[in-house]
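Engineer: Listed below, chain by chain, are the residues.
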Amino acid sequence: MAVLEVRKLTKHFGDIKALDGVDLATRDGEFLTIVGPSGCGKSTLMRLIAGLEQPTVGDVLVDDRIVTPLPPRARNIAMVFQSYALYPHMSVADNIAFPLKARGVAKMERQKLIQRAAETLGIQPLLRRRPARLSGGEKQKVALARALVRKPSLFLFDEPLSSLDAQVRAKARAELRQLRDRTGVTTVYVTHDQVEAIGLGDRVAVMQRGKLRQLGAPQELYYEPADTFVASFIGTPPMNLLDGGDVIVGFRPEHASPRALAPQSGDFKIFRIRVKQTEFLGSEWLVYGSVHGQSEDTKVLCKLQPASIAAVKVGETQEFVVPRGQLRFFDKATGLRTVSPPL
Amino acid sequence: MDVKNPRNKKDIGERPPAGKRSKPPPSHEHIALADRDGVVGTIMLAPAVIYVAGLVAIPFFLAIALSLSDATVGNPSIHDFVGLANFFSVVHEAAFIFALRNSIIITIATLVVLTILTIVEVEILARDFRGKRLAEILLILPWAMPVALVAVCWLWLLDSEFSPIDWILRAVGLLGPGTVLGPANNLYYLGREWLGLASVVVIDVWRMLPLSTIIVLAGRTAIPNELFEQAALDGAGFFRILFQITIPGLSTLLIVAVLFTVLVIFGDMTIVALTTRGGPGYTTEILPYWAYLKGIQGGALSQGAAVALFLFPVLLAASILALRAAYRGEAQ
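Sequence lines, in order, name chains Z and B. Number 342 in our numbering belongs to position 342 of the first sequence; there are no gaps in the numbering. Number 288 in our numbering belongs to position 288 of the second sequence; there are no gaps in the numbering.
Wrong hints could be hidden among the right ones.
As the list claims (entries may be wrong) - Here chain Z is said to cover these stretches of chain B; the calculated rule only asks that three of the stretch's residues, wherever they fall, bring their Cβ under 8 angstroms from a Cβ of chain Z:
(1) 231 to 241
(2) 244 to 250
Stated by the list, open to error - Derived SDA-like pairs (lysine to any residue); straight-line CA-CA distance at most 20 angstroms:
(3) Z:Lys332 / Z:Glu296
(4) Z:Lys101 / B:Gly237
(5) Z:Lys101 / B:Phe239
(6) Z:Lys211 / Z:Leu242
Calculated from the structure, these hints are not laboratory results. Think of the CB as a built atom: it goes at the ideal place given N, C-alpha and C, for glycine as much as any other residue.
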């Protein structure tokens, strides 16, 4: 177990600022997910932590010790790549043995550790196979076994689930989480999928254009986004952001309801929404509409319970209400969260 | 409208009923010649088959026939069957042992040096550095040089009196009276048994390096970079990565490159013919050059053919292994 910290981490590739002064610290044994759109610098951040790249400015610390100048092999950090990077000419057992051999672990001890790692992931029957004869899910397990066999102080995952198909993916996600719970090793997990990030992480770091936008618990990100980017990135569908005069007003789709069904008393804000279309999702309905703004119409999404969908008429402009407590306000210029404006 | 109408009607009339609109497959006569796989295949394969039959198979069987006859350049008839007499006769000549030994030594030494240098070059060229383009051009240059020019350059480099290598060695005090390599003022590369063989090996390596490097470099760039990064994260240093990740990853192409080199070097006589000419005595003689000397220069066609046939088992084995390695590589 270890604490990872990065300070003012910056990486330039020519003129491109892939990473622009990121400060970040994990807690001991934490599962931290890093999420952002492609090109936001999350993979660069991971490669800098692993030591595969050297930062332009800034430092990487493991347990308060600066490891920036150290090569990858001296950092005791295990990484699982998106492709799993299994050594194709070695059997599964030899793949798992590789980091142990590199550390000069004796043969008897090595056998024991390989067996234990294989048991943990349930891959004992695969030990003699070559990677070419494994399915995507099996490859992932082998990569995990190879990562954990040497008891690293830190796990790094670079989108390990994105090459699996949807069915295997859900199962693999649960296994990843269980594995972390069992080993207790601090884990940094990079993904572009915010659902995965929210579902897996103890805390989630949202990145955009080389900068850290927000770091917090999943609920915090969802309910109290730090800026308009986080608000529009987290959640399916994301937060609605509307022109509110001096500020930008945001609310979650599930917090809106038709005015006709709202209690008479209560502190509501009213939005006039032109309903374009509705969509049945099973447990709820999605309402697509737009709000007439000063310059242009803004698209709005509302999530309604089946009981309230009857009150919505497609093609008409209707009044929807959102409890004032659920409104979030953002600065128009900076996009940052502001306190609610005076009414 | 009126003009168009009749045609439209006609079209409608001719249209087959719904559900049967697609035409039946055209009968055999309508398929163009170029659409028939059998014909196209035969035409495409013909040049290769004619080439192999005319320039490989016929000369090969002719060589066997010659080696079993008493044909000479003056009387190239293969009607007089003499059995294995030619083989027994050449084996008992002093030059044969030298030629066989030197062919094996030169081939193996070239292979070892070539393999090592290929891996070194590939590892260098797989990385990014300033002037990489220039390095790549310099690397390919030996392959692009005409053999005549090559011969002139190397003969000058290895000249018994004016060798620039000797000149440099003298300048740094390694050659000449009272020095390590002394007392003579020259090394006489082509006039000594082992220096002669070494010179041939050096030229062979120099000549084959571009090809083997290009073959193996293709394999090196095909290894995903993540594999090397993973190995580095797993704690492997430079040599562990080289021997346990890179070289196994290159093995198939390395074998192909090496066996291809065997095929070229073992059967090739040009370098020896242009440099040592087998001398002094027969000490740097090799099988193909001796076969040429005996069969063409000496006029004993049958004996030359017999000598040349000693190359055959080695070349056959190398070819089979090369093909197998290539297939195995494809299967992966």
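Engineer: With reference to the structure, classify each hint as holding or not holding.
Structural biologist: Cross-check of the supplied hints:
1. 231 to 241: With 8 residues closer than 8 angstroms to chain Z, the region 231 to 241 of chain B meets the three-residue bar; holds.
2. 244 to 250: holds (count 4)
3. Z:Lys332 / Z:Glu296: holds, 16 angstroms
4. Z:Lys101 / B:Gly237: holds, 11 angstroms
5. Z:Lys101 / B:Phe239: At roughly 13 angstroms apart (the allowed maximum being 20 angstroms), Phe239 of chain B and Lys101 of chain Z satisfy the hint.
6. Z:Lys211 / Z:Leu242: violated, 25 angstroms
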